[in-house]
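Chains as they are written, first to last, in numbering that gives the first Met the number 0: chain A, 0 to 376; chain B, 0 to 362.
Just so you know, the hints here were simulated from the structure itself, not pulled from any lab data. Remember, it's a predicted structure, so these values are computed and weren't measured experimentally. Any given hint might turn out to be false.
The list that follows gives simulated cross-link-like pairs (lysine-lysine, PhoX-like), each with its CA atoms no further than 25 Å apart [claimed, not checked]:
1) B:Lys116 to A:Lys142
2) A:Lys142 to B:Lys144
3) B:Lys69 to B:Lys30
4) B:Lys49 to A:Lys119
5) A:Lys116 to B:Lys4
6) A:Lys143 to B:Lys47
7) A:Lys142 to B:Lys69
8) B:Lys49 to A:Lys142
9) B:Lys116 to A:Lys119
10) B:Lys4 to A:Lys143
11) A:Lys116 to B:Lys144
12) B:Lys117 to A:Lys142
13) B:Lys117 to A:Lys203
Chain A stretches covered by chain B per the calculated footprint, using a threshold of three residues with CB under 8 Å from any CB of chain B [unchecked claim]:
14) 123-130
15) 134-148
We put the CB at the ideal spot given by N, CA and C, even for glycine.
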Amino acid sequence: MEVMQVLHMNTGEGETSYAKNSIVQSKIISVATSIIHEAVEECLEKNFSDSMGIADLGCSSGPNTLMVISDIIDTIYATINQKGILLPEFRVSLNDLPGNDFNNVFISLPEFYNQLKTEKNIGPEGCFISGVPGSFYGRLFPKKSLHFVHSSSSLHWLSQVPRPLDSNIMPLNKGKIYISKSSPRSVFDAYLSQFKRDFSLFLKSRSAEMVVGGHMVLSFMGRVSADPSSEESCMQWELLAQALMSMALEGLIEEEKIDSFNAPYYAPSAQEVKSVVQEESSFTINCLEAIEIEWDGGAPGNNHFEKYNNKIENYNLSRGQQVAKTIRAVVESMLEVHFGREPMDELFKRYAEMVGDYFSRTTAKYIDLVISLTKKG
Amino acid sequence: MDLEKVFHMKGGRGETSYSKNSSLQKRAADKVNHITLEAIEEMFLESKPKSLGIADLGCSSGPNSLSNIKELVNAIERESRKLLERAPEFRVYLNDLPTNDFNTIFQAIPDLYRELKKGRSHGSPISIYIAGYPGTFYGRLFPDKCLHFIYSSNSLHWLSRVPPGIYNEQGDTINRKSIYISENSPPQVARAYFEQFKQDFSLFLQSRSEEVVVGGRMVLILLGRNGPNYVDRGTAFLWEILYRSLATLVSKGEIEEEKLDSYEVHFYAPSKEELEDEIRKEGSFKMDRFEMFEIEKDTGNSSTSYGKAVAMTVRSIQESMISHHFGEAILDNLFEEYGRLVDEEMAKEDIRSISFVLVLQKL
Numbered sequence: 000m001e002v003m004q005v006l007h008m009n010t011g012e013g014e015t016s017y018a019k020n021s022i023v024q025s026k027i028i029s030v031a032t033s034i035i036h037e038a039v040e041e042c043l044e045k046n047f048s049d050s051m052g053i054a055d056l057g058c059s060s061g062p063n064t065l066m067v068i069s070d071i072i073d074t075i076y077a078t079i080n081q082k083g084i085l086l087p088e089f090r091v092s093l094n095d096l097p098g099n100d101f102n103n104v105f106i107s108l109p110e111f112y113n114q115l116k117t118e119k120n121i122g123p124e125g126c127f128i129s130g131v132p133g134s135f136y137g138r139l140f141p142k143k144s145l146h147f148v149h150s151s152s153s154l155h156w157l158s159q160v161p162r163p164l165d166s167n168i169m170p171l172n173k174g175k176i177y178i179s180k181s182s183p184r185s186v187f188d189a190y191l192s193q194f195k196r197d198f199s200l201f202l203k204s205r206s207a208e209m210v211v212g213g214h215m216v217l218s219f220m221g222r223v224s225a226d227p228s229s230e231e232s233c234m235q236w237e238l239l240a241q242a243l244m245s246m247a248l249e250g251l252i253e254e255e256k257i258d259s260f261n262a263p264y265y266a267p268s269a270q271e272v273k274s275v276v277q278e279e280s281s282f283t284i285n286c287l288e289a290i291e292i293e294w295d296g297g298a299p300g301n302n303h304f305e306k307y308n309n310k311i312e313n314y315n316l317s318r319g320q321q322v323a324k325t326i327r328a329v330v331e332s333m334l335e336v337h338f339g340r341e342p343m344d345e346l347f348k349r350y351a352e353m354v355g356d357y358f359s360r361t362t363a364k365y366i367d368l369v370i371s372l373t374k375k376g
Numbered sequence: 000m001d002l003e004k005v006f007h008m009k010g011g012r013g014e015t016s017y018s019k020n021s022s023l024q025k026r027a028a029d030k031v032n033h034i035t036l037e038a039i040e041e042m043f044l045e046s047k048p049k050s051l052g053i054a055d056l057g058c059s060s061g062p063n064s065l066s067n068i069k070e071l072v073n074a075i076e077r078e079s080r081k082l083l084e085r086a087p088e089f090r091v092y093l094n095d096l097p098t099n100d101f102n103t104i105f106q107a108i109p110d111l112y113r114e115l116k117k118g119r120s121h122g123s124p125i126s127i128y129i130a131g132y133p134g135t136f137y138g139r140l141f142p143d144k145c146l147h148f149i150y151s152s153n154s155l156h157w158l159s160r161v162p163p164g165i166y167n168e169q170g171d172t173i174n175r176k177s178i179y180i181s182e183n184s185p186p187q188v189a190r191a192y193f194e195q196f197k198q199d200f201s202l203f204l205q206s207r208s209e210e211v212v213v214g215g216r217m218v219l220i221l222l223g224r225n226g227p228n229y230v231d232r233g234t235a236f237l238w239e240i241l242y243r244s245l246a247t248l249v250s251k252g253e254i255e256e257e258k259l260d261s262y263e264v265h266f267y268a269p270s271k272e273e274l275e276d277e278i279r280k281e282g283s284f285k286m287d288r289f290e291m292f293e294i295e296k297d298t299g300n301s302s303t304s305y306g307k308a309v310a311m312t313v314r315s316i317q318e319s320m321i322s323h324h325f326g327e328a329i330l331d332n333l334f335e336e337y338g339r340l341v342d343e344e345m346a347k348e349d350i351r352s353i354s355f356v357l358v359l360q361k362l
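Construct all of the structure, not just a fragment, from the sequences and the given hints.
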């Protein structure tokens, strides 16, 4: 599976779209706000320039996208006002893979620019927002053009399915679609190896693109346990595999298809992340936190992201159904390419049931890692 | 009606999309390709920047924009090789209105990167960064002084809005028997369109002047007219044919007459003098080169009539505006009639649509 061509969040604004089902991701953004604010302030301390490059990597589409940028600009605005200096020109780059629904983001831009003008008197010559299609595993931006980089809920996606697993001939991970307690050692090794390669390339690329003293805040799925098959990092995939297998048992899906599918995903431990950062050596770590996030985003907080995202349409659904919708919006593009469109509705119906059942036994939580980095001199 | 929210070329890659119906525009650009390449080469040899900013204003969603970018990049690569120097880093800025189908053009970018990387099989890997900048070019789009070369093809004849001067105090149009300037238009109509053009083009130049470095070049290709007369057998005539097609549908009861009377286009084909005047007045650019050209009727493809080809092209361009005003239901019938009328007129006498290519240099 060519990840770069296939992976994208569900487009548009319909029932199963990412735009309408991204409340978990908005929660993830909101828990990182204080770290983001601190990073932005520190960045301004050391690096004041009359033209600031800001990038959001894995911007996707839907309401979360512009909210992040808005928050970053707000922070810069507040900090600068305090100091009484002139606002810099903002060069904002929104990056995602070419299959992302950029049109959905762009249509909201005129309104966004209007707000900037009325609320902060930032005119069209003060802020330039662009869409940058491409993989962040590699260079995206000109040398030394960025001061602040943000990425949320994106870096757990690998550049490809680990090579040894992407094979029809000798499936290593039968009946499973990610790392599982029953997976052989080779599966664990393949995933870790791919993550190290990818994350290292990510850091190397950003290092060339960022100014010395530039800051980066990254949030992605991870785990606290040393064991990569721990529930906190694998359960959502485990249940999805179970839903698929239940359909295979009834002849609705070929079992070989399940054997040959492996998610291009990895939830690293804090230690694994630190070790890649240290080895790549372009960045110092300011902080690294592990935050628990309930699978359905949990009780709504007071943060403006969450208030905006609490869509009434999801109110009457059970928690299992809500979670299934958020997962569907994210993985459907990949699953469809592999299993076809036909099984999708039934698959997510079963998945919702299994998730609901899991919820009744335990409080299902993701571990969200948030890391703040500074580019070394 | 906020134009920025409505106007766009037909997206996607279907039958009626701009992607599949923009070969006339490609032929126009190809015809003056040598001028475009000469302009960028000249600029490059004068300053040899290490990081080169290229913008396409009105990139739309079809294959033409990226194919042009490829030519521009290849030209610079060639010049660099001749000088035995490393090629610059390329920063490419693709602009169009926010409602443009950027997704389609973005999905074609990986292939473009692959082709460009293949072209440079030895030596250092190519550094090229492409981004989409949605917004109106009647105003600032890009950071200060980031551009060396601007290309805009078949975009500048679109005004920022229908000229307010064609509406009376009650808000009704005084241009009832036309959708553009025609022999049925009262004289204030032409004046109003001209005023709007002056305002728009001047703002265009002013905005670009802050974004382009000294010595930077702009290549602008747009529809124009030969001499002061508006009513000729050029582009204005094509609008008249659209009017007549709409009128046919009125007579068949498919469209209300009132709807036709109130439809106006946000378009203007300037004359050479009108362009020169604004450039001189705004003062940031000088005109290095000006040429007028026509695109010959393509006698190659016998399966589709010329009229039908023009109709498909115009449809992919006008569909957003027409469906907004008249609804979608009439589109097929309308453009069938349009194609028929074009063929009928061409049989009597050629319709000669005139284009201009201008090369401007930033002072």
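What are the numbers of the hints the structure violates, in ascending order? Numbers 4, 9, 10 - these are the hints that the structure violates, sorted from lowest upward.
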